[in-house]
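S.K.: These are the residues of each chain, in order.
There are 2 protein chains.
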Amino acid sequence: MRIVIFTLLACGMCWGQGGECQPSALNIPGAQHPCVYPDGRATFRLAAPDAQTVQVRIVGQGFDMVKGADGVWTVTTTPLVVGFHYYALVIDGVRVADPASRTFFGSGWENSGIEIPESPDVDYYLPKDVPHGQVSQRWYYSKVTGKWRRCYVYTPPDYDAGKARYPVLYLMHGWGEDETGWHVQGHADFILDNLIAAKKAKPMIIVMDNLNAVKPGEDGTIFTSLGRLPPPRAAAPPAGAGTAAPPARGGGLASFTGATFTEMMLTDLIPMIERTYRVRPGREHRAMAGLSMGGMQTFLTALSNLDRFAYIGGFSGSTGGRGGTFDPKTSNNGVFADAAAFNKKVKVLFLGIGSMEGPGARNFSEQLTQAGIDNVFFESPGTAHEWLTWRRCLNDFAPRLFQ
Amino acid sequence: MRIVIFTLLACGMCWGQGGECQPSALNIPGAQHPCVYPDGRATFRLAAPDAQTVQVRIVGQGFDMVKGADGVWTVTTTPLVVGFHYYALVIDGVRVADPASRTFFGSGWENSGIEIPESPDVDYYLPKDVPHGQVSQRWYYSKVTGKWRRCYVYTPPDYDAGKARYPVLYLMHGWGEDETGWHVQGHADFILDNLIAAKKAKPMIIVMDNLNAVKPGEDGTIFTSLGRLPPPRAAAPPAGAGTAAPPARGGGLASFTGATFTEMMLTDLIPMIERTYRVRPGREHRAMAGLSMGGMQTFLTALSNLDRFAYIGGFSGSTGGRGGTFDPKTSNNGVFADAAAFNKKVKVLFLGIGSMEGPGARNFSEQLTQAGIDNVFFESPGTAHEWLTWRRCLNDFAPRLFQ
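Going line by line, the protein sequences match chains A and B.
Under my numbering, the residue at position 382 of the first sequence is numbered 382, and the numbers go up by one with no gaps.
Take the position in the second sequence, starting the count at 1, then add 1000; the result is the number in my numbering.
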């Protein structure tokens, strides 16, 4: 009965506003708000009779909510760009997650999330009636950081039943996110399930790790997690791992420590993956890509280790495209200096960006092309520095791998 | 620098209060509060200069926070019982998650969580230097509900490398929780990793599904998820599955629909698991257990299908122990009427409870014993209707399985 009443209220607000306001699919069970109109506007509601001000913060904008006689605050936004958006409520000056929304780890905390659907015919990142791979949580000990770490590993639909070996894509999240981002916000598993079913992409393993990697004594955290607890005293390190303690899960904000992550990846992560899964060895079967900070990490790691990686992708995070002057002879330690040698080694150099993110990546792509460096430039129309840009990047990048 | 200052403040509050206040391991990265004292008290902080009232709601109590001259609200609780607790802040009358905490799905929304550590020698649910199994996300289509569903599957450490077949424990969450509860809040994977390494439990597969199961047209939701989106229109149902739509993820609050879940489990879940994993078939290799509502579901499902299950566990959720009069001849459709036949069929009937939950489960155990029904009664000392009770139940129950 309560549900019915809520629905009536919701639809009451929809009449004459261009179609019904549909509850966001990222709401908690039973929550009718936030809801999304066909034109991309969203209506938010919060029962807060005693609050003085309530605002919705989303896509860099603030929308002041208005209090009704019933103590319920509401606001309907202007049309929002399609895709997944983190958002927050500001209640009397305090930024909190909307209790009506599921939460998503970004910017170092548990944001609310809302999805503005694309047109009905866009379903490349949705579950369909195709064979599904699985995403597995994998714990491993890092000798470099002296900590336990967690990554998620996508194995393609036929992995369990078969004996085949697969190439591997190492896929990195962005600043303030963690190893959950690519399969929770990004739908990387559904994207690959659909590409593989359509025979557009080769079956592959995808490793989604955490950018945070610091050595004992270094600043910053090495670890964010879904919030599971081992007190530092609790776990003995593996034999030979010295006296390092297990992770204090959820210590300091992500700090960008490219060098330590690269060392950890080459020393701990890749060997663990290759002894744990049926992996095709060698650089021609290994790719690395990432979004934003993860794209910067990808360039740092892969460009300085071309003997390990033949495929490189930067999604909204390519170096050289971020203001700094680019000199093909010296930038990135001169890896681009010999274009012919670079093109022979690197099968795909992919630069992706949202059209609303500015010309940086396009400029970098053009500079590379002028320097004779083969590269793929992909622009996501109408999207900004958000997950829909990166879903589209992955959907375009993955079919280019391991061909 | 900011971190340093926070630390000084934190420790400033600790002096003379029985040891340092340690940041909760479930905090977001970098958050120094909430913090926990060795005696179980916790200090919460929130910067909210414009708020009028702020309260912490935890373990059924409310602790009013006090505003300092700097606009920061703080409160130190009385000693809290050990274990994992959901909690919330109430800011000017609005219940929200603490932005300083990771979130955990319980009571139908994304609660904050805090862990009051047990004594240093208690580590059965923590990651240790032992072989680790993995927890995998598995999507499957239910013909009974007409929806896609997600479960998590724990496979033991030696599963991937070997060819052996394993018995299966179906392990259910409680009201308002979902398929993530047992590995995120419950640490079921670490508990089994440690038991298997110590040779205290047989290697087994654990299937963690979602209690919500309703048929098209029935009330309630069939699905809660981590908030990933397929618009209902997006996915075609599998061939032969009719015209049912994929899940509207996160529709209505969990409603306890035992009959439909049982039908779904027997029709969809168990067959999917047994054709997907290397499973030992037959009732003697199949167990079912659950906490609270999941325990009630376990009794409903297993006691009416003894040809399918030989091991049954109710953690804070055993039928008969919840006030109703118990008659061994007629209760549960008379399954207990022939004690000898029941004892021959059921290898383990396990009743677990926290000592602070009242005498219900103990009374039920005694009634069963008086009726000649073999059963195991396990009481978790000093814990209530919370996850530490259920971790202890699993740690005691799992070694009794498949022997």
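It is worth saying that the hints were derived from the structure and are not from the lab.
Take these hints with a grain of salt, some might be off.
[Stated by the list, open to error] The calculated label-pair distances, taken between Cβ atoms and stated as ranges, are:
{"#": "1", "chain 1": "A", "residue 1": "D327", "chain 2": "B", "residue 2": "V1066", "range": "57 to 63 Å"}
{"#": "2", "chain 1": "B", "residue 1": "S1355", "chain 2": "A", "residue 2": "T53", "range": "44 to 50 Å"}
{"#": "3", "chain 1": "B", "residue 1": "T1053", "chain 2": "A", "residue 2": "N332", "range": "52 to 58 Å"}
Just so it is clear, CB atoms sit at the ideal spot from N, CA and C, and this is done for glycine as well.
S.K.: So, against the hints stated earlier in the document, which numbers end up violated here?
M.R.: none
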